[in-house]
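Undergrad: Chains A, B, C and D supply the protein sequences, listed in that same order.
The first sequence begins at 1 in my numbering and counts up one residue at a time.
The second sequence begins at 1 in my numbering and counts up one residue at a time.
The third sequence begins at 1 in my numbering and counts up one residue at a time.
The fourth sequence begins at 1 in my numbering and counts up one residue at a time.
Same chains, same names: a pair is fine if it fits in one copy or spans any two.
Cross-link-like lysine to aspartate or glutamate pairs, in silico, DMTMM-like; alpha carbons within 20 Å at most:
#1 Lys-5 x Glu-20
#2 Lys-114 x Asp-78
#3 Lys-75 x Glu-35
#4 Lys-75 x Glu-118
#5 Lys-48 x Asp-112
#6 Lys-124 x Asp-74
#7 Lys-19 x Asp-39
#8 Lys-107 x Glu-51
#9 Lys-114 x Glu-51
#10 Lys-109 x Glu-51
#11 Lys-107 x Glu-97
#12 Lys-28 x Glu-118
#13 Lys-85 x Glu-56
#14 Lys-109 x Glu-56
#15 Lys-19 x Glu-35
#16 Lys-107 x Glu-47
#17 Lys-48 x Glu-20
#18 Lys-114 x Glu-47
#19 Lys-138 x Glu-56
Keep in mind that the hints were calculated from the coordinates and are not lab data.
Number of protein chains: 4
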Amino acid sequence: MKKAKTTRFGVSMDADLLKEFDQLILGKGYANRSEAFRDLVRGHMVEKAWEKASSEVVGTVTLVYNHHAHDLADKLTDIQHHHCKTIISTTHIHLDEHNCLEVLILKGKSGDVKSIAERLISTKGVKHGKLAMTSTGKELR
Amino acid sequence: MKKAKTTRFGVSMDADLLKEFDQLILGKGYANRSEAFRDLVRGHMVEKAWEKASSEVVGTVTLVYNHHAHDLADKLTDIQHHHCKTIISTTHIHLDEHNCLEVLILKGKSGDVKSIAERLISTKGVKHGKLAMTSTGKELR
Amino acid sequence: MKKAKTTRFGVSMDADLLKEFDQLILGKGYANRSEAFRDLVRGHMVEKAWEKASSEVVGTVTLVYNHHAHDLADKLTDIQHHHCKTIISTTHIHLDEHNCLEVLILKGKSGDVKSIAERLISTKGVKHGKLAMTSTGKELR
Amino acid sequence: MKKAKTTRFGVSMDADLLKEFDQLILGKGYANRSEAFRDLVRGHMVEKAWEKASSEVVGTVTLVYNHHAHDLADKLTDIQHHHCKTIISTTHIHLDEHNCLEVLILKGKSGDVKSIAERLISTKGVKHGKLAMTSTGKELR
Numbered sequence: 001m002k003k004a005k006t007t008r009f010g011v012s013m014d015a016d017l018l019k020e021f022d023q024l025i026l027g028k029g030y031a032n033r034s035e036a037f038r039d040l041v042r043g044h045m046v047e048k049a050w051e052k053a054s055s056e057v058v059g060t061v062t063l064v065y066n067h068h069a070h071d072l073a074d075k076l077t078d079i080q081h082h083h084c085k086t087i088i089s090t091t092h093i094h095l096d097e098h099n100c101l102e103v104l105i106l107k108g109k110s111g112d113v114k115s116i117a118e119r120l121i122s123t124k125g126v127k128h129g130k131l132a133m134t135s136t137g138k139e140l141r
Numbered sequence: 001m002k003k004a005k006t007t008r009f010g011v012s013m014d015a016d017l018l019k020e021f022d023q024l025i026l027g028k029g030y031a032n033r034s035e036a037f038r039d040l041v042r043g044h045m046v047e048k049a050w051e052k053a054s055s056e057v058v059g060t061v062t063l064v065y066n067h068h069a070h071d072l073a074d075k076l077t078d079i080q081h082h083h084c085k086t087i088i089s090t091t092h093i094h095l096d097e098h099n100c101l102e103v104l105i106l107k108g109k110s111g112d113v114k115s116i117a118e119r120l121i122s123t124k125g126v127k128h129g130k131l132a133m134t135s136t137g138k139e140l141r
Numbered sequence: 001m002k003k004a005k006t007t008r009f010g011v012s013m014d015a016d017l018l019k020e021f022d023q024l025i026l027g028k029g030y031a032n033r034s035e036a037f038r039d040l041v042r043g044h045m046v047e048k049a050w051e052k053a054s055s056e057v058v059g060t061v062t063l064v065y066n067h068h069a070h071d072l073a074d075k076l077t078d079i080q081h082h083h084c085k086t087i088i089s090t091t092h093i094h095l096d097e098h099n100c101l102e103v104l105i106l107k108g109k110s111g112d113v114k115s116i117a118e119r120l121i122s123t124k125g126v127k128h129g130k131l132a133m134t135s136t137g138k139e140l141r
Numbered sequence: 001m002k003k004a005k006t007t008r009f010g011v012s013m014d015a016d017l018l019k020e021f022d023q024l025i026l027g028k029g030y031a032n033r034s035e036a037f038r039d040l041v042r043g044h045m046v047e048k049a050w051e052k053a054s055s056e057v058v059g060t061v062t063l064v065y066n067h068h069a070h071d072l073a074d075k076l077t078d079i080q081h082h083h084c085k086t087i088i089s090t091t092h093i094h095l096d097e098h099n100c101l102e103v104l105i106l107k108g109k110s111g112d113v114k115s116i117a118e119r120l121i122s123t124k125g126v127k128h129g130k131l132a133m134t135s136t137g138k139e140l141r
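Could you put together the complete structure from these sequences and hints?
TA: Structure representation (structure tokens):
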């Protein structure tokens, strides 16, 4: 990674609009306006990266399922082993007597990460699944 | 509307990140960076306004339907007349021999606009419907 | 358009889950469950069509702007004339003394419709813009 | 949890539309149509639950950050300890020499989970953050 170089530039905006924006980001916990703008910009960059199937990305898949469902845990493990090069880690939480949460961290080409996520989420017995699309951090500063 | 007062402030950002953002917005047609940032900020404000059911907003509803569907045109007209105070105008396009497009412009409380949109979109025979949430422009500068 | 042929199939679902879903769609105005499921399916199909830049689609662009902004109305008209083959119609509403709403209906390749929408929304002085992505209705039944 | 009771009901749909939907869900890995419809329905229920700030939900927060950033790891740990009753677990991945991934699993009222997520994501030095909204699984069958 080459050394990051920070630049400073001016933005002109209506004073009232800016005031409202400042209140909104304060409520979310931002220490200053620059950080909020950087987050808006970085969010756009991550979205753009995921549009190209060959971009290297990171994603997390969250699954909720009933571990009593026939063969389900085995099936999910099978799929995961089949993609062990892309799946970095899996965390399992026993939500209650019946329900499990599994959170997988994946790193690879965005096309592959999406397809593994779809395969897991569509498995019979998985009650709910979500793919969170993020970044390797390399291109984001 | 009180007179708009423009202010100028500085944002610090990584130089490479900013370069990538500049390319992205150039591709979308933005003349300069400030306008792109203003759009990001105004987009947030409009979203926030719609979260409160009592905010005064503007929305457009786009409907695609088959005008041969039994009674459908009549039903849609009935619903629209029932809400004539909120619906400002309707534009109708004959897409082909069978398919119609209708675009309604609504102004009112966000809760009412949403509920009228849902009522129209859920009508049997409407093939596809979309609500675009925008603003009266009063709070946006 | 070839004659539509309706088919009927069974879906098995947990009784309580179905009950909750029925309440949700009733609140939105659906007359029956089949119509709600058809809308879910058609919504997916429209999304998929827009993913391919060459699909023929329909879209509506909603713009809010201040007509006092220097040259803005002229600029927007110029862009629209430049794309007159794709833009079917434009409706203009005088929201108040300052603010205008313009709703354009476009039909063409999804890549072109998106790019015209971005060009209009990014124009300096446009306070807010939204593209609603819908369908020519041909592939939807 | 009371015993789940499965019910079966009929849906009527255009034959061609259904054929296209079947192809779409096959590509995603669904073994059958009922499972795809159940996922659509459960997805709606989870969205609805998150709209009410007092619903008990589960969420995962994914953070990407540079561990060299001054004090950042300490700040993130502080925030997490402050909300230790809601945060069930944290998994940490060393993405490369500079970039870290942290995935937190939270369980609590949706308003609290959202607010903790915003607080973490807005922290200076966090490059990208995402909240994935899911469920305790109790209400989903």
